[in-house]
Amino acid sequence: MTEKTDHLQHTWNISRAVTNFMLVFFVIYYVLQCTAISFRLSNLFIIAAFFVVLCIHIFITLKYKNIQFSLRNRHDPKSLGHYIGKLDLVLFIFLLINSIWLLIIPKMNGGSISQAVSEAGMLLVFVLYFPLAVLIRIKEIQFETILKVFFRTIVVLAVIHIGLWIYETGHKNGVQEILNYIGVHFGKIFRTADLISGWGIVRIVFSNSLLLGIGLLLLFLKAGSFKPLDYVLGAVLTFGVICPGLRSLWGGTAAGFGIMAIYFVFAVCKGRKKVWRQMLAFVIVVAATVLLLNGTLFHGTILNRLMNTFNGNAVTSSDLSASPKSAFDEEIDTIGTAVSNTYKKEESEKLIHAWLQKPVLGSGYGGSIEEYPGKSAPYAYEMTSLSLLFKMGIIGFAVWALLVVSIMIHAIRNWKKKPWKLAVWFAVFTCFFLTIQTNPLLFTANALSFIMYLALATVGAEQPEQERLERSK
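The opening position of the sequence shown corresponds to residue 37 in the working numbering, with each subsequent residue numbered one higher.
Rather than coming from a laboratory, the hints here were simulated on the basis of the structure. Since the structure is predicted, the reported quantities are computational estimates derived from the model, not experimental observations. Don't be surprised by glycine CBs; every beta carbon is placed ideally from N, CA and C. Possibly wrong hints are sitting among the right ones.
[Unchecked claim] No farther apart than 27 Å at their CA atoms in a straight line, the calculated lysine-lysine pairs in the DSS-like style are these:
#1 Lys-263 to Lys-454
#2 Lys-452 to Lys-306
#3 Lys-263 to Lys-457
#4 Lys-453 to Lys-184
#5 Lys-208 to Lys-258
[Claimed, not checked] Each pair of labels, with its calculated beta carbon distance range:
#6 Ser-106 to Val-54: 45 to 55 Å
#7 Lys-452 to Lys-208: 18 to 28 Å
#8 Asn-216 to Leu-333: 22 to 32 Å
Sequences and hints are given; from them, build the entire structure.
Quick look at the structure:
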């Protein structure tokens, strides 16, 4: 009997080590991989392999901890059903319903299923939520582990952005040349693509750039226990956020700081001096970094770009035919911003008109406007919410809204006694939500894996039923 128990424990230890390795690899990979460069690894293979590892570890853990494979008794800690929550059901229904817009609606409208899968196939990453949620509830995986790896990898991502930005400043189109070289000589290992070029400002834009603002806001979790290194990381991440030159990212990050300002007032009212003083110091560091970079390395183009956010001048891309006088040219950047705004306005009108043709069910994933295809792919439109409405109609759009609201409610319930964590959660959600609104990033691996982390964060905050019962006595 002892030998059998020792063998089970040894198997469990090995399974646990493999699971932790795969978890760390998954988090790092889906922060660093992007549309510009990634390993030639199939996302389906990575997700399937991780899913199998997680399921095997659940099976071994249930055996090791003597938990029954029963879903019936949700109140018995010795039953698997105890570790399945209501949010799990919401996500399961969400995936089932989305499969209709992935496999059926496109066919009904004469579209291509392969194109639908090309656009929204990464929704499959949500299947990993279910075994991860169970393992978090069983205390086999700590969400804090995911968060630490996620944050530290974003810091690395910021350093990469800064390094490439500095290189691009001294070598025009140098980063694209590096990508081209990798594509030619290491094409069997890496996939590469063209970068978004900057006009009047040096830009380093990848699909994972949207995570930089989230990383900056996550530092607020340390409010009250800030160390000097955290302020340095704040400056580094601020520089990283600026490098892409994405106004939506800047606006989303600023909105996240606005959410934290509400908690700042709360901390002041509650007399939490250490917390609000460190928050204030952190904001000063971020603001000083922005002003310093704007006045030096960026030659005033940061504030210029912000002031032109709502530039409504009617211009076309022909106005950009001339090369900028230098890497930083406020006049050219102003024209480029106006071109972008004009394009987004036109795209919005086209998407609304196309949606009105099929307002209830939409055209399905992979859908495109025949006479107005997207830039990077026929189905890739910059106005994310309108694009989703066009493809999914009112019903499908409501399904997405229900998922978001459900996760929000779950967050509020689980963090109502920890307002600082709730504030940070809403801050990073707001940053993410606003960043993707004017960029076709929702269905990237970076974005969808982050949505899964948002849901798992609320699972990690769940209070076990036994603890709730004891506290209520």
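Now for the hints, and whether the structure bears them out:
Distance restraint check for Lys-263 and Lys-454: the Cα-Cα separation of roughly 22 Å lies within the 27 Å cut-off, and the hinted pair is therefore satisfied. Simply put, Lys-452 and Lys-306 have alpha-carbon atoms about 16 Å apart, close enough for the 27 Å limit, and the pair holds. A distance of roughly 19 Å separates the Cα atoms of Lys-263 and Lys-457; the hinted pair therefore holds under the 27 Å criterion. Between Lys-453 and Lys-184, the direct Cα distance comes to roughly 22 Å. Compliance with the 27 Å bound is thereby established for this hinted pair.
As the CA atoms of Lys-208 and Lys-258 are separated by approximately 39 Å, the hinted pair breaks the 27 Å bound. At about 26 Å, the CB distance of Ser-106 to Val-54 disagrees with the hint of 45 to 55 Å. For Lys-452 and Lys-208, the hinted distance range of 18 to 28 Å is not satisfied, since their beta carbons lie about 52 Å from each other. Checked against the hint of 22 to 32 Å, the pair Asn-216 and Leu-333 passes, with Cβ atoms roughly 26 Å apart.
Comparing the model with each numbered hint stated earlier shows that hints 5, 6 and 7 do not hold.
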